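Trainee: If you want the building blocks of each chain, they are given just below.
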Amino acid sequence: MGDIEDEEALIRAAQRGDVASFNQLVLAYQSQLYNVAYRILGDAAAAADATQEAFLSAFTHIKDYRGGSFKSWLLRTVTNACLDALRYQRRRPSRSLEAEDDDERSLAEVLPSGEESPDSVAERRELRHLIARAALTLPPDQRITFVLADVHGLSYQEIAQAMNVSLGTVKSRLSRARAKLRDALLAHPELLPDEFRQ
Amino acid sequence: MSEEELISAYVDGQLSEAERASFEARLASDPELRRRVLATRLLVREARQLPMVAPPRNFILPLDAARRPVAARPRFPQWAYRFGALVATVLCIALIVWDVGAPSAQPESATLPAQPAAQPLLPEAPAKERLAPFDAEPRALALPESTPAQTPSAPSASAEGTWVTPPRVFAFLLLALAIGLGMLGWGRRG
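Just so you know, the protein sequences line up as chains A and B, in that order.
Take the first sequence: its position 31, counted from the start at 1, is 30 in numbering that gives the first Met the number 0, and no numbers get skipped.
Take the second sequence: its position 129, counted from the start at 1, is 128 in numbering that gives the first Met the number 0, and no numbers get skipped.
Everything labelled a hint here was simulated from the structure, so no lab data went into it.
A quick note: this is a predicted structure, and the numbers were derived from the prediction, not measured.
Incorrect hints may have been included.
[Unchecked claim] Residues from chain B shown here face chain A by an in silico Cβ test under 8 Å; the list is partial:
| # | residue |
| --- | --- |
| 1 | 3 |
| 2 | 7 |
| 3 | 32 |
| 4 | 35 |
| 5 | 43 |
| 6 | 51 |
| 7 | 55 |
| 8 | 56 |
| 9 | 79 |
Quick reminder that beta carbons are idealized off the backbone N, C-alpha and C, glycines included.
Chain A with its partners taken away, still in its complex shape (with noise of 0.2 Å):
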């Protein structure tokens, strides 16, 4: 993800027009952009179409790219997407909320096996669910700000670059995100740690 040898002279090539040069950046990147958009559209297909509109947005403005980091940037195209999708679904809604059967597929890679019960193993699936879902319903500024902070990971200076938005603006929205999710949680004390039940 990211990882690769001459990044810079990657994008001065694409920025020349050579293809094959920004396809090795797509190969690169592509995983974390498609994760990032699965995670703010809920949808695997909205999330590819999403993905290939921001390589598609990102080789031809390429030229525009000034330097700084090359993965906040092409976030910030991805995100464009994103919203751009989610303003489509609200005018067609449709379908959303297919995450799971993915995450299930997945979710043996990322659970530490043999360490817990499989109740336990499930509660916790059951609250992953929980939060995956509860971040569709964000308004879309915080559900982007939520993703790439709580899920991805990144800090509060990638995510204003990406979202072209101040450091307060970041954390404003991502307190409000996290308090409307955490009360989400606290809605379901089933799927909760003891410390929760009391």
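With chain A fixed as given, assemble chain B onto it according to the hints.
Mentor: Then chain B, alone, in the frame of chain A:
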């Protein structure tokens, strides 16, 4: 800083030493605040554990991507186009209402062709047409006032004046602008 921002900053370790000490003192005496902090910590920890999903395909671009035309991103946000369309529509309607409701400011002699001194065949026609100028037929514009043979046979043409007035032209332009902005604001994706 709001309490939620304090909680969020505390969980992220973003508070200064003094802020953190003050916040922890509150935590010690406020079980509800402690519960919210614990739940926020749990949320952040579990969110980080959400699994990465494998992309369904590669997103590499075709090698001729550099030559393909790409639609330019709109210059303004969607709401701006919608707002502009609404403003243009309201102005257009206001102009039409004003134009219909207001009495003609122009003297008759400026808009109407010269009338014969006497119109014995249809003496009421000019008065009616002054009351209902929009019923007039545009062909009246083309009638030369100096055609004596046509004057008695087309009295409505002589009385209706010109349909194309500056307010109507402006209203039409506003309508076209409203339609254009509306298409940009509602018609495009995003």
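Trainee: Check the structure against each numbered hint from earlier and tell me which ones fail, lowest number first.
Mentor: Structure breaks hints 3 and 9.
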